[in-house]
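Residue numbering for the sequence shown is 239 to 715, as defined by this note's numbering.
By construction, these hints were calculated from the structure, which means they are not laboratory data. Worth double-checking, as some hints may not be accurate.
Claimed, not checked - List of simulated lysine to aspartate or glutamate pairs, EDC-like, C-alpha gap at most 16 Å:
id	residue 1	residue 2
1	Lys562	Glu578
2	Lys440	Asp371
3	Lys635	Asp411
4	Lys572	Asp590
5	Lys562	Asp583
6	Lys538	Asp583
7	Lys682	Asp705
8	Lys438	Glu499
9	Lys438	Asp388
10	Lys409	Asp371
11	Lys595	Asp584
12	Lys394	Asp705
13	Lys557	Asp584
14	Lys557	Asp590
15	Lys671	Glu499
16	Lys572	Asp697
17	Lys409	Asp583
18	Lys649	Asp602
19	Lys572	Asp584
20	Lys562	Asp602
21	Lys671	Asp705
22	Lys440	Asp388
As the list claims (entries may be wrong) - For each label pair, taking beta carbons as the anchor points, the in silico distance ranges come out as:
id	residue 1	residue 2	range
23	Gly442	Ala619	51 to 59 Å
24	Gly442	Gly532	19 to 27 Å
25	Gly532	Leu637	47 to 55 Å
Since the structure is predicted, the reported quantities are computational estimates derived from the model, not experimental observations. Backbone N, C-alpha and C fix where the C-beta goes; we use that ideal spot for every residue, glycine too.
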Amino acid sequence: MKDCASTISQTSKSTLKIICLWTLHYSPFGEQVPFGSDVLFGTWQNPLVDLLSWTLAFIPQAPTRRGAVMSHHFHALIHIPFLPVPFSPGVSVASPSTSRTLRLPRARASVEKREQAMEEQGGAAALGWAARDATGVLSPYNFSRRVPRDDDVTIKVLYCGICHTDLHIIKNDWGNAMYPVVPGHEIVGVVTGVGGGVTKFKAGDTVGVGYFVGSCRSCDSCGQGNENYCAGVVLTSNGVDAAHGGTATKGGFSDVIVVSEHYVLRVPDGLALDRTAPLLCAGVTVYSPMMRHGLNAPGKHLGVVGLGGLGHVAVKFGKAFGMKVTVISTSPSKRQEAVEHLGADDFLVSRDAEQMKAAAGTMDGIIDTVSAWHPITPLLALMKPLGQMVVVGVPNKPLELPVYAIVPGGKGVAGNSVGSVGDCQAMLEFAGKHGIGAEVEVIKMDYVNTAIERLEKNDVRYRFVIDVAGSNLGSAA
239 MKDCASTISQ TSKSTLKIIC LWTLHYSPFG EQVPFGSDVL FGTWQNPLVD LLSWTLAFIP
299 QAPTRRGAVM SHHFHALIHI PFLPVPFSPG VSVASPSTSR TLRLPRARAS VEKREQAMEE
359 QGGAAALGWA ARDATGVLSP YNFSRRVPRD DDVTIKVLYC GICHTDLHII KNDWGNAMYP
419 VVPGHEIVGV VTGVGGGVTK FKAGDTVGVG YFVGSCRSCD SCGQGNENYC AGVVLTSNGV
479 DAAHGGTATK GGFSDVIVVS EHYVLRVPDG LALDRTAPLL CAGVTVYSPM MRHGLNAPGK
539 HLGVVGLGGL GHVAVKFGKA FGMKVTVIST SPSKRQEAVE HLGADDFLVS RDAEQMKAAA
599 GTMDGIIDTV SAWHPITPLL ALMKPLGQMV VVGVPNKPLE LPVYAIVPGG KGVAGNSVGS
659 VGDCQAMLEF AGKHGIGAEV EVIKMDYVNT AIERLEKNDV RYRFVIDVAG SNLGSAA
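Please model the complete structure; the sequences and the hints are all you need to start from.
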């Protein structure tokens, strides 16, 4: 600690003032203090080491897209010179000059206190299934939803999809789990109540809730309708909702959820509700970049890399747009599924050099949905000049991007993280018009732990969906 404090003392006053302002803005003791507040560094009496530890303990979690786990603010902090890297809150970190470790406090105790306070304030009782530790085993869990506000919609959960992100969170693969964790961000339900200020929904409406349930609504991203890229986005599960007391959000593996109407989606009539749930994550994750990058033009040629939860929906959207669709996979066994069942026009085995060579320069764009490491140079060769490849999977190792594969043909590579509220609503309307739904295996809640084990082995075609309303949720021990 002495070494750390010594290093901190050498840091510029302006840098530390930024930390103080940031700390106040995300204070766990009540309303947020605006970044513009006139707070002087000299008014702080606590030791700087305590301040830094306290600050890191309450960092709000930012959006993740299968791998990025730290908040925008935490990314900024770890690049301040006096912090040893890499590290995350609650992880022992070796000091640069000693063998001792610095243990940073976790936010869990404070989160639990806030949840207890919410119960005392009369929040709606909820029953869900939660993971209590990194084993990821789920079991019944009683908790309270927040007291509904004027703009809130109370929703009875009917169905909830299981995403790979849920698996990573409950097992604390990313080091940011705030146990107990109630996962689930692919939610379809029915409105049971609305606040006095709600104008978009009424009791009885069929609605959906996707990957996030809040954002700052004042930054450039929010102003442009891109809430999914807001630095203060609030995830539906395992997020920190600063606007509602800083409690940890709990997802759709539960019987009821309360969400601001701004983040609630209308589900069109005629859609199968169980098959609609995965569209709220997997669906919009491919639909949004297809719209943004012009990969929706009839007659154009689209390549879809990977035939899993995201890839199979991309094929469906591509065909509904009127495109020629080619699935690219390492598994020859998926050809029949891709062509005969999903309607793809062609199929390439990416490990077959002759097939890949014959298809070079034929595609207008590619959606890459693979979350394992894979070479992308051969994929870029499949595109025509000015072709665009969008990466929506997040491998656990960096992909290599040789400039010679993109510069001569003016080709582009972009990323995408889910989609905005507007994107998601437009996607649902498009799905309703064309009868698009995910291919799912519907389960009851008491099968969820087995489903998680199967998901780890990719033993599902293509998404598990929990029939929440039709399940006996049991009782918490």
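With a cut-off of 16 Å on the C-alpha distance, tell me whether lysine 409 and aspartate 371 pass. Holds: lysine 409 and aspartate 371 sit about 7 Å apart, inside 16 Å.
Just to be sure I understand the hint, the distance between the Cβ atoms of glycine 442 and alanine 619 should be within 51 to 59 Å; is that true here? holds, 53 Å
Would the pair lysine 438 and aspartate 388 pass a check requiring their Cα atoms to be no farther apart than 16 Å? Since the Cα atoms of lysine 438 and aspartate 388 sit roughly 12 Å apart, the hinted pair holds (cutoff 16 Å).
Holds or violated: lysine 438 with glutamate 499, Cα cutoff 16 Å? holds, 7 Å
For the pair supplied as a hint, lysine 649 and aspartate 602, is the alpha-carbon distance within the 16 Å limit? Cα-Cα ~10 Å, so holds.
CB-CB spacing for glycine 532 and glycine 442 relative to the 19 to 27 Å hint: violated, 39 Å
Taken at face value, is the distance from the CA of aspartate 371 to the CA of lysine 440 at most 16 Å? Distance ~38 Å between lysine 440 and aspartate 371 Cα, so the pair is violated.
Against the 16 Å threshold, does the CA-CA distance of lysine 562 and aspartate 583 hold or violate the hint? holds, 6 Å
For the pair we were handed, lysine 595 and aspartate 584, check the Cα-Cα distance against 16 Å. holds, 15 Å
Do the alpha carbons of lysine 557 and aspartate 584 lie within 16 Å of each other, as the hint requires? Holds, at about 12 Å.
Range hint 47 to 55 Å: satisfied by the CB atoms of glycine 532 and leucine 637? Given about 23 Å between the Cβ atoms, the range is violated.
Do the alpha carbons of lysine 562 and glutamate 578 lie within 16 Å of each other, as the hint requires? Status holds; Cα separation ~15 Å.
Hints 2, 14, 15, 17, 21, 24, 25 from the earlier list are contradicted by this structure; the remaining hints agree with it.
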